[in-house]
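Each protein sequence line maps, in turn, to chains A, B, C and D.
Position one of the first sequence corresponds to residue 1 (the numbering used here), numbered consecutively onward.
Position one of the second sequence corresponds to residue 1001 (the numbering used here), numbered consecutively onward.
Position one of the third sequence corresponds to residue 2001 (the numbering used here), numbered consecutively onward.
Position one of the fourth sequence corresponds to residue 3001 (the numbering used here), numbered consecutively onward.
The hints are simulated quantities; they were obtained by calculation from the structure and are not laboratory data.
By construction, the Cβ of each residue, glycine as well, lies at the ideal position given by its N, Cα and C atoms.
Be aware that one or more of the hints could be misleading.
[What the hints assert, rightly or not] No more than 20 angstroms apart at the CA atoms, straight line, and that leaves these computed lysine to aspartate or glutamate pairs for EDC-like:
1. Lys2008/C x Asp1031/B
2. Lys3054/D x Glu116/A
3. Lys3096/D x Glu3012/D
4. Lys87/A x Glu116/A
5. Lys2008/C x Asp1279/B
[Unchecked claim] Among chain C residues calculated to face chain D with C-beta under 10 angstroms, some are:
6. Phe2057
7. Ser2089
8. Thr2092
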Amino acid sequence: MNLKVKIGNLELKNPVMTASGTFGYGPEFEDFIDINRLGGILVKGTTLNHREGNAYPRMAETPSGMLNAVGLQNKGVDVFCKDIYPKIKHYDTSIWVNVNGSTIEEYIETAERINELEHIPAIELNISCPNVKEGGMAFGVSCPSAVAVTNAVRKVYKKTMVVKLSPNVTNIAEIAKAVEAVGADGVSLINTMLAMAINAETRRPVLSTITGGLSGPAVKPIALRMVWQVAQAVKIPVVGMGGIMNAADAIEFLLAGATAVQVGTANFIDPTVTLKILDGIEEYMHRHGIKDIYELIGGLKLN
Amino acid sequence: MNLKVKIGNLELKNPVMTASGTFGYGPEFEDFIDINRLGGILVKGTTLNHREGNAYPRMAETPSGMLNAVGLQNKGVDVFCKDIYPKIKHYDTSIWVNVNGSTIEEYIETAERINELEHIPAIELNISCPNVKEGGMAFGVSCPSAVAVTNAVRKVYKKTMVVKLSPNVTNIAEIAKAVEAVGADGVSLINTMLAMAINAETRRPVLSTITGGLSGPAVKPIALRMVWQVAQAVKIPVVGMGGIMNAADAIEFLLAGATAVQVGTANFIDPTVTLKILDGIEEYMHRHGIKDIYELIGGLKLN
Amino acid sequence: MTNSILPKKRVEDLSIIENRILNEDYFVLEVESQHPVENIVPGQFVEILVNDSKNTFLRRPISIYDVHPQRNTFELLIQIVGEGTQHLSKLTQGQKLDTIYPLGLGYTLSKAGSKVLLVGGGVGIAPLLYLAKKLHQNQVEVHILLGGRGKGNIIETERFSEFGKVYVSTNDGSVGEKGLVTEHSIMQNMNFDMIYSCGPDPMMKAVARLAFKSTIECEVSLENMMACGIGVCLCCVTPTTKGHQCVCTDGPVFNTRKLLWN
Amino acid sequence: MTNSILPKKRVEDLSIIENRILNEDYFVLEVESQHPVENIVPGQFVEILVNDSKNTFLRRPISIYDVHPQRNTFELLIQIVGEGTQHLSKLTQGQKLDTIYPLGLGYTLSKAGSKVLLVGGGVGIAPLLYLAKKLHQNQVEVHILLGGRGKGNIIETERFSEFGKVYVSTNDGSVGEKGLVTEHSIMQNMNFDMIYSCGPDPMMKAVARLAFKSTIECEVSLENMMACGIGVCLCCVTPTTKGHQCVCTDGPVFNTRKLLWN
Ligand SMILES: Cc1cc2nc3c(=O)[nH]c(=O)nc-3n(C[C@H](O)[C@H](O)[C@H](O)COP(=O)(O)OP(=O)(O)OC[C@H]3O[C@@H](n4cnc5c(N)ncnc54)[C@H](O)[C@@H]3O)c2cc1C
Ligand SMILES: Cc1cc2nc3c(=O)[nH]c(=O)nc-3n(C[C@H](O)[C@H](O)[C@H](O)COP(=O)(O)OP(=O)(O)OC[C@H]3O[C@@H](n4cnc5c(N)ncnc54)[C@H](O)[C@@H]3O)c2cc1C
Ligand SMILES: Cc1cc2nc3c(=O)[nH]c(=O)nc-3n(C[C@H](O)[C@H](O)[C@H](O)COP(=O)(O)O)c2cc1C
Ligand SMILES: Cc1cc2nc3c(=O)[nH]c(=O)nc-3n(C[C@H](O)[C@H](O)[C@H](O)COP(=O)(O)O)c2cc1C
Ligand code: FES
Ligand code: FES
Chain A
1 MNLKVKIGNL ELKNPVMTAS GTFGYGPEFE DFIDINRLGG ILVKGTTLNH REGNAYPRMA
61 ETPSGMLNAV GLQNKGVDVF CKDIYPKIKH YDTSIWVNVN GSTIEEYIET AERINELEHI
121 PAIELNISCP NVKEGGMAFG VSCPSAVAVT NAVRKVYKKT MVVKLSPNVT NIAEIAKAVE
181 AVGADGVSLI NTMLAMAINA ETRRPVLSTI TGGLSGPAVK PIALRMVWQV AQAVKIPVVG
241 MGGIMNAADA IEFLLAGATA VQVGTANFID PTVTLKILDG IEEYMHRHGI KDIYELIGGL
301 KLN
Chain B
1001 MNLKVKIGNL ELKNPVMTAS GTFGYGPEFE DFIDINRLGG ILVKGTTLNH REGNAYPRMA
1061 ETPSGMLNAV GLQNKGVDVF CKDIYPKIKH YDTSIWVNVN GSTIEEYIET AERINELEHI
1121 PAIELNISCP NVKEGGMAFG VSCPSAVAVT NAVRKVYKKT MVVKLSPNVT NIAEIAKAVE
1181 AVGADGVSLI NTMLAMAINA ETRRPVLSTI TGGLSGPAVK PIALRMVWQV AQAVKIPVVG
1241 MGGIMNAADA IEFLLAGATA VQVGTANFID PTVTLKILDG IEEYMHRHGI KDIYELIGGL
1301 KLN
Chain C
2001 MTNSILPKKR VEDLSIIENR ILNEDYFVLE VESQHPVENI VPGQFVEILV NDSKNTFLRR
2061 PISIYDVHPQ RNTFELLIQI VGEGTQHLSK LTQGQKLDTI YPLGLGYTLS KAGSKVLLVG
2121 GGVGIAPLLY LAKKLHQNQV EVHILLGGRG KGNIIETERF SEFGKVYVST NDGSVGEKGL
2181 VTEHSIMQNM NFDMIYSCGP DPMMKAVARL AFKSTIECEV SLENMMACGI GVCLCCVTPT
2241 TKGHQCVCTD GPVFNTRKLL WN
Chain D
3001 MTNSILPKKR VEDLSIIENR ILNEDYFVLE VESQHPVENI VPGQFVEILV NDSKNTFLRR
3061 PISIYDVHPQ RNTFELLIQI VGEGTQHLSK LTQGQKLDTI YPLGLGYTLS KAGSKVLLVG
3121 GGVGIAPLLY LAKKLHQNQV EVHILLGGRG KGNIIETERF SEFGKVYVST NDGSVGEKGL
3181 VTEHSIMQNM NFDMIYSCGP DPMMKAVARL AFKSTIECEV SLENMMACGI GVCLCCVTPT
3241 TKGHQCVCTD GPVFNTRKLL WN
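Isolated chain A (complex conformation) (with noise of 0.2 angstroms):
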């Protein structure tokens, strides 16, 4: 049975990643669950520089979801490279980087000091972020913008890079296009629709941001859909997510055109959810008599 899935120059061993920011680094996850099983792991969104976040607070539960406004906390680039990549290079999964940036220049910045690490083999390009002030969603939501940024870090990252969209958008598929023309090898989706939520009896935002970013099974069905419409759009290989909780998830975004999948919040309910997903995958191939996971991939049937 074949599960190894292709993005870009890259070999996964299996479609079943982790989506960023949900996953830590990878070392949280290791009480619970082999790591090295996984295609691939993708660590908390990264910056040029320390970012201290939003204020608390950041989370609100919803109707089959939640909310989270975290501003992409993180130590910067090079405590990055100093203190966590020594930790985790050691994995045997492919470890991708999710970049991002207030500006043009802090991408390609934070895209070279990547670049520089051997164990690295790909960058997650997050133009797509909700919750920060500058940048972030800004880029992702129109045509040029993200050529702009795609094409500029294009030309200093070499090896895998796949651009996070945003759903917050018109026409998904249009953008989708547009970094493929300069040079993405893949294209991630969906990042965190622009949601709120209001606390009816203080009568005040339940978040300190007022906006934040929904994700978990509310989502599901619309990213299905735009998976599916960027996937009918492009020739490179698209990365599926967005409320995937179990294997039947997970199969329905391979069947709507997903190379490989993204697991999020569902590792918040149960951290060991990536490998039952994995091996719910494998069991349906096997019910299935489905040998290459690539039977899967844009499987669906139309009449």
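Chain A is already provided as a structure; the job is to place chains B, C and D with the ligands on it using the hints.
Showing chains B, C and D with the ligands alone in chain A's frame:
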């Protein structure tokens, strides 16, 4: 205690309305509630000509929500005027017709017919239906086309005209401002979100139309954010909806800036829910010593 | 299909009187109402809210299996197929069932003296018991053919035999005649005035074809994905000679002449 | 705060041994583990998945109330405040509790011979019982002040009195001294080597201020909105002298010198 709200020249006895396509024409609920207590009802989306709608299956259950792909099944405006209107015109509530079209001409003609009905004080111009091949959402996802329909219908429709906006856009506030500029008396939002469901076992889309519209509590945080953004951007009243299941949800929309709310999918779960919401709002106002509903509208407290 | 004045629809927290487990797949809930149930028509159904279940958002439609006006209760025969029915199977006496009922149009009752056949497949037998009872009360000669994949799917035959002659067929022949219901010997001699059916679509279509050939009227009860159950969402449509109709309010019982089944 | 090697975190379906209802607001669940529990540190907590509840998507963090290594169980003291805790209150012996544990850093245990004060408010007394037990085992002189709004919020005093001297204060004076915990007579003579606290934020801040004035070390256990409980979502942060730290992994117990309180 004042519960009356104004939209255009129209006064509603309270801010609790029903959402189009989820309440039939009203008589379907006579066994369950006293319709005359409602602030208003929106009848099923109406077109110039009879429409059979999309093929079965048209529905999928999703986490905290549902997809529909009804596709504006209705008997056409003439049957509405001749057969349905006489049965509902006596209701002591504000009856609005949700007007749809594949072309601007169809919108105009439909609105002209409705304009003649004495007991219909308002229309909701639906430029956001995601479930029809022509027209529908296509009008609602760009400013020029939204302006074109609104402008054209404004010329022939003399009573209160509210434009129903699509959430499937990058910047909903911009579209709200555009239709405000050409004479909309209010905007209502959100219509359903374009989404998709796949049956992993059969490897087929669940809906005959592949994609459909997501509604229910799953979309509430997104709807609330959009109502908040639009209420900041326009001076005309905003009618808020999307996943309202109870009085607390409705109050959240009022706080975010909605002058009235519409209850949709919740009617399927509990056909008496609208009156529970109305009672709940009154109870809340009593408990918080609020004399006028306008103290709640846009009353979100920010530090 | 019936045109008699239908009882008022209501939302009510019904009390569970009993949960009778038939086997690992089927159970019968008997629920008590605060309102008269005697006007419920065979073929009508209820919409149940499954509380305390994470993944059931919409209500679940279930046929009314039998009605007991004396103790003001009715029964529901349910097959466990997913999370909703799984949760319902765990309910116990004294718990409440949040229910909208009675919904839909039921079967047309044949006249006294006529001879009819009821064909049920799997859990599709559910709406047929109360129908058999009412027909029997009306002096109709009732024949009942119950089909299923195997022995485990043939349930409640004793209940049916109170109201008519019961025949059984299973795909694997583990009980009754072996084969499809349409291959059963009773179907070879079609001297009925009316056929009523409920079960999987292919079965009902085959039964309808046989009925059509013998120019016997045939009513079937359809199962569609429903969101509201009260005719307002327009999700549960089926194509008919009059265009799309709602299974929940124009049905679930349809005369097969009206359906676009060949 | 403790630096001892922490037990491994795990996800486990724990068996409920007992659900002891204290009154309409509080209950104690005792759960049995398949793995050794003796290394759990006072102040650590668990994350519980509330099954069969429509509106609880995330797990619920609950402190570990007491640990019984002999029978390999631990207890949770829970206050009913919303849908999640409401559902948990209905669990019964033999049911399972899907739990991630043990989580977070616990309290620093004082040295033998020292004299300490534990101040708990409301359900904030939860992490203090196991702390009192461990301190008592370590030959520490333990004084425990339990505060609450009224009589109904003062619970489990007998359990605490096994491990130290118990004082009570209530806002309405219905039991113990009347007033805030910081107004209690024991707080007027601050001859303690260490103060441990858990309860509502304003209470802990007031306690911390008193401790600070008397230059006594003070550790508090914070309650923040948590999504993951394992340090990866970065939602549960609190501002500290070292910037934003996670309550779930850098705490929940913090030395108040580290917190940016006053
Ligand atoms: C008018 C009507 C009367 C019915 N009467 C009965 C009855 O008396 N006894 C009984 O056991 N069942 C009856 N059903 C079917 C019953 O509604 C479904 O089995 C039930 O909704 C499944 O819920 P679940 O949560 O257990 O399964 P889910 O997890 O929702 O689904 C499990 C499987 O069942 C299918 N399913 C779900 N809902 C429906 C539906 N509405 N119609 C058809 N298939 C569905 C799904 O596609 C899926 O394959 C009736 C359906 C209708 C429309
Ligand atoms: C480290 C830690 C340890 C805790 N230990 C205990 C304990 O031992 N016993 C106990 O009864 N409770 C404890 N809590 C609080 C407990 O987690 C919440 O009361 C519970 O999550 C509420 O769930 P619910 O579904 O019943 O209420 P919800 O319906 O979710 O909320 C009801 C109310 O509680 C508030 N709330 C919800 N979650 C939290 C939270 N994580 N922190 C603070 N307030 C919250 C909400 O804002 C709301 O006002 C602890 C919290 C933390 C962070
Ligand atoms: C708490 C939290 C933090 C996140 N941080 C990041 C981030 O740093 N970078 C990023 O690209 N996406 C981030 N995301 C988005 C996820 O990677 C993912 O796109 C999204 O949550 C949808 O997937 P899910 O529904 O499976 O969680 C974050 C999501 C959550 C819930
Ligand atoms: C079954 C169904 C049919 C609908 N039909 C219409 C329609 O005809 N016209 C329209 O403007 N909106 C229609 N809607 C959208 C609703 O009016 C509403 O905008 C949306 O469902 C969000 O609200 P809710 O989450 O409360 O349902 C329909 C929604 C559903 C679920
Ligand atoms: S289920 Fe809504 S119309 Fe039939
Ligand atoms: S709750 Fe996720 S980091 Fe603390």
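So, going through the hints one by one against the coordinates:
1. Only pairs whose Cα atoms come within 20 angstroms are accepted, and Lys2008/C paired with Asp1031/B is accepted, the gap being roughly 6 angstroms.
2. Proximity of Lys3054/D to Glu116/A is assessed by CA-CA distance (about 48 angstroms); at most 20 angstroms being required, the pair is judged violated.
3. Of the pairs offered as hints, the one joining Lys3096/D and Glu3012/D holds, with about 9 angstroms between alpha carbons and a cut-off of 20 angstroms not exceeded.
4. The hinted pair formed by Lys87/A and Glu116/A meets the criterion: a straight-line CA distance of about 16 angstroms does not exceed 20 angstroms.
5. The suggested pairing of Lys2008/C with Asp1279/B is violated, with an alpha-carbon distance near 24 angstroms, which exceeds 20 angstroms.
6. Interface hint at Phe2057/C: satisfied, since its Cβ lies 8 angstroms from the closest Cβ of chain D, which is below the 10 angstroms cut-off.
7. With 10 angstroms as the threshold, the beta carbon of Ser2089/C stays out of range of chain D, its nearest partner Cβ sitting at about 13 angstroms, so the hint is violated.
8. Taken as an interface hint, Thr2092/C does not check out: its beta carbon lies about 13 angstroms from the nearest beta carbon of chain D, beyond 10 angstroms.
Hints 2, 5, 7, 8 from the list above are not met by this structure, while the remaining hints are.
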